[in-house]
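Protein chains: 2
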Amino acid sequence: MRLSPSLSIDRAQLLADLDRLSLIGRAPDGGMTRRALSREDAEARSYVMERMRAAGLDVRHDEVGNVRARRRGRCKAPDGPCVMTGSHLDSVPSGGKLDGPLGVVGALAAIEALDRAGVHTDKPIEIAIFVGEEGSRFPRGTIGSAAMSGHVAVEAILALQDPDGIVYRDALATYGDRGVPLPGCAEKGSIDSFVELHVEQGGVLEASGVPIGVVTAIAGLVQRRVAFLGDANHAGATPMNLRHDALLAAADWCLSVERAAQVVGGGAVGTVGKLEVSPGGKNIIPGRVDAICDLRAPQPLLLSAIDELVLAALRASAAPRGVEFEQVLLQRVEPGPMDERPMRAVEAAAAACGLLAQRMPSGAIHDALHLAEACPSTMIFVPSIGGKSHCPTEATDPQHLMQGCEVLAHTLAILAG
Amino acid sequence: MRLSPSLSIDRAQLLADLDRLSLIGRAPDGGMTRRALSREDAEARSYVMERMRAAGLDVRHDEVGNVRARRRGRCKAPDGPCVMTGSHLDSVPSGGKLDGPLGVVGALAAIEALDRAGVHTDKPIEIAIFVGEEGSRFPRGTIGSAAMSGHVAVEAILALQDPDGIVYRDALATYGDRGVPLPGCAEKGSIDSFVELHVEQGGVLEASGVPIGVVTAIAGLVQRRVAFLGDANHAGATPMNLRHDALLAAADWCLSVERAAQVVGGGAVGTVGKLEVSPGGKNIIPGRVDAICDLRAPQPLLLSAIDELVLAALRASAAPRGVEFEQVLLQRVEPGPMDERPMRAVEAAAAACGLLAQRMPSGAIHDALHLAEACPSTMIFVPSIGGKSHCPTEATDPQHLMQGCEVLAHTLAILAG
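Those protein sequences? They're chains A and B, same order as listed. To convert, note that position 407 of the first sequence is 407 in the numbering used here; the numbers rise steadily by one, no gaps. To convert, note that position 344 of the second sequence is 344 in the numbering used here; the numbers rise steadily by one, no gaps.
Be aware that a few hints might be false.
Simulated pairs of lysine to any residue, SDA-like, Cα-Cα distance not exceeding 25 Å [to be verified]:
id: 1; chain 1: B; residue 1: 282; chain 2: A; residue 2: 376
id: 2; chain 1: B; residue 1: 282; chain 2: A; residue 2: 155
id: 3; chain 1: B; residue 1: 282; chain 2: A; residue 2: 332
id: 4; chain 1: A; residue 1: 282; chain 2: B; residue 2: 59
id: 5; chain 1: A; residue 1: 282; chain 2: B; residue 2: 118
id: 6; chain 1: A; residue 1: 282; chain 2: B; residue 2: 79
id: 7; chain 1: B; residue 1: 282; chain 2: B; residue 2: 312
id: 8; chain 1: A; residue 1: 282; chain 2: B; residue 2: 33
Because the hints were derived from the structure by calculation, they are not lab data.
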């Protein structure tokens with residue numbers, strides 16, 4: 001098909017959809033909490049499914065609760081490979097209104113724009129609502145996409161338990177309307193390509209003034225739990241040279257994590273976000289510090305490099321102070337490279353819309369990480385104001401939301417041909 | 001009087017007294033909790049007062065609840081200036097068995113040794129049980145000694161409130177047996193000199209292998225509450241150069257506190273014992289850190305020097321990361337110099353016992369800090385195993401306990417003449 005400059009997004013409808021979803025699970029602080037398979041999650045999904053049906057889509061669900069809503073293609077095989085887009089509706093506790101929902105209702109807005117412009121594509125287009133992306137209920141995130149890509153077996157997902165001991169399978173049974181069942185969810189050949197619209201959740205686009213990010217890779221992740229074991233003693237009575245201060249060892253190591261990211265470069269980042277000091281008395285030398293470091297990089301070699309530097313820094317920080325340490329790997333997720341074909345489609349779409357686009361890695365993990373294992377994938381990022389996300393103040397300029405949807409509509413038209 | 005080498009301590013009685021007191025307010029972890037004026041505090045005091053009366057002492061109390069138990073002197077004026085010793089019976093939450101009690105029952109053991117040896121002194125000797133030394137209930141510590149020295153007005157102390165809103169005056173009314181009332185507690189001329197036996201609570205004596213410490217000064221104290229205000233953002237999506245990580249600023253500052261103590265020297269110490277990271281998510285860049293630093297030095301100029309370095313380090317740590325900070329002075333306590341006369345008496349007493357003694361500052365605050373405002377004062381330290389204190393594992397070799405009491409007995413004999 002030819003690119004149509006007339007693919008216009010219904011701004012009022014898009015913003016109304018986002019506002020409507022932001023009321024579901026709304027907390028007093030203005031954030032929203034929709035844990036996977038919860039009542040609030042189901043309510044949000046029902047709202048979107050009703051909108052999908054009204055838009056003429058064929059709404060189905062798979063074995064783990066993912067929704068797949070299909071717009072028919074012109075080609076002979078109605079069940080042939082589709083171009084997929086979509087995101088998730090579950091949230092972190094007290095999260096923002098865009099992380100997830102933008103990629104779902106933005107996809108709907110894009111398809112409605114195709115409909116209004118009379119654009120028909122050869123391949124079907126599907127909007128996916130991936131279940132349990134955030135990991136705020138069950139012991140892992142990206143549940144739905146991991147199942148869809150075959151990364152994790154369906155049986156393993158159905159056996160997951162939340163902290164209250166509720167099994168995924170049982171929670172799924174109470175999840176409400178899920179549409180018409182699909183035969184299975186691990187259907188690699190059924191997806192031609194995947195593109196997910198999402199807020200950046202960082203400040204790169206805002207800093208560069210570019211409205212569209214084209215994601216080149218989902219950064220991999222290493223998280224390690226670290227304990228520094230010193231000697232809790234009286235802060236007044238213990239001379240500096242007789243101390244084994246666990247916090248000083250930890251402080252030195254935190255600065256090493258920062259230096260490791262700077263040394264490795266290439267988009268690697270390292271963070272100590274959680275750090276607890278024991279016993280925590282104002283006049284007691286810290287005897288123990290428990291911390292978690294979160295290391296990310298868009299390439300496996302870079303991820304291993306920062307991890308090795310951070311591990312080596314443990315000894316360098318602890319030993320000179322006579323402090324012991326322990327560490328355990330919590331998780332390692334390999335980076336997910338995106339594919340040139342959908343990336344170029346996004347760039348062509350942005351050009352058709354007269355918008356600048358820049359290639360960038362995603363430091364956050366998304367469902368696209370797993371979809372990339374099953375088909376050529378990428379993501380479209382729009383700027384986050386102040387780089388804020390996972391908080392009630394998460395926001396994007398409405399103009400940028402519109403532009404993201406417009407680029408997505410053109411991208412879908414290009415990929416579905 | 002002549003020094004008598006026959007001043008022998010009743011080891012079994014001393015250890016039995018310490019053991020008996022350690023059962024009062026005993027917690028499951030083996031520590032003991034005796035908050036000021038509590039039932040447990042009163043029970044401990046009753047036990048000791050009974051022992052005091054059995055030893056023939058005249059047991060009285062003052063307006064804030066301090067006990068003063070007097071052994072008569074030979075001089076004409078029975079109410080003339082006394083040589084005072086003693087310590088406290090209240091404890092930190094889950095504290096050790098020696099911090100406080102050793103200086104009380106050790107004093108009793110010393111007086112009983114004088115009695116057994118038939119040593120009579122010209123001046124009276126008094127054992128004080130100071131009330132509320134630890135500050136674990138009312139908003140300040142060293143309550144009894146601050147009142148006795150006139151450092152704080154009696155009325156101000158009686159008006160103190162604990163966290164439950166209970167006023168000191170009312171708590172005192174339920175404090176049980178306090179002996180015979182004294183006319184007042186701020187009687188500067190009534191005390192000739194003061195010497196307090198205490199565990200070191202640090203590792204200096206253990207490291208040097210010397211059994212007796214002669215305290216030259218009580219270190220002064222500056223405590224400041226500090227907040228670092230950064231920007232909480234997604235740990236994956238925010239490049240290193242766009243961060244305002246409050247924990248990295250705080251970590252840098254913690255290391256500066258250590259360096260400041262090393263630069264100032266002269267016994268100055270600096271500790272960050274309390275540090276809290278917000279929001280504390282493992283994948284969120286810390287947006288805020290709240291910390292308290294505790295700075296100590298045995299001389300006012302050194303205390304000001306370390307305080308100024310630590311304050312200057314706040315800006316140096318925060319500004320390069322675009323992190324803001326706030327700080328507020330929680331308290332400043334001036335150092336208390338000890339007096340040569342009682343210090344030399346302790347050294348002579350140690351020599352008479354054939355024991356090495358070394359001069360050292362006390363990094364911890366004690367009742368001697370306030371007594372020094374009213375009369376020539378010092379303290380006798382005995383080694384703490386592993387430098388441990390304010391914890392259930394606080395301990396001292398029984399031989400060192402005995403030696404401390406023996407040196408105290410000789411010191412009292414010298415000072416009371």
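Each hint, compared with the structure:
1. Distance check on the hinted pair: residue 282 of chain B and residue 376 of chain A sit about 31 Å apart at the alpha-carbon level, beyond 25 Å; violated.
2. The hinted pair formed by residue 282 of chain B and residue 155 of chain A fails the criterion: a straight-line CA distance of about 29 Å is larger than 25 Å.
3. Only pairs whose Cα atoms come within 25 Å are accepted, and residue 282 of chain B paired with residue 332 of chain A is accepted, the gap being roughly 14 Å.
4. With a C-alpha separation of about 37 Å, the suggested pair residue 282 of chain A and residue 59 of chain B falls outside the 25 Å cut-off, and the hint is violated.
5. In summary, the hint linking residue 282 of chain A to residue 118 of chain B is not supported, as the alpha carbons are separated by about 47 Å, beyond the 25 Å threshold.
6. For the given pair, residue 282 of chain A sits about 42 Å from residue 79 of chain B by alpha-carbon distance, which is inconsistent with the 25 Å threshold.
7. At most 25 Å may separate the alpha-carbon atoms for a hinted pair to count; residue 282 of chain B and residue 312 of chain B exceed this at roughly 30 Å.
8. Taking the CA atoms of residue 282 of chain A and residue 33 of chain B, the gap is near 18 Å; set against the 25 Å cutoff, the hint holds.
Hints 1, 2, 4, 5, 6, 7 from the earlier list are contradicted by this structure; the remaining hints agree with it.
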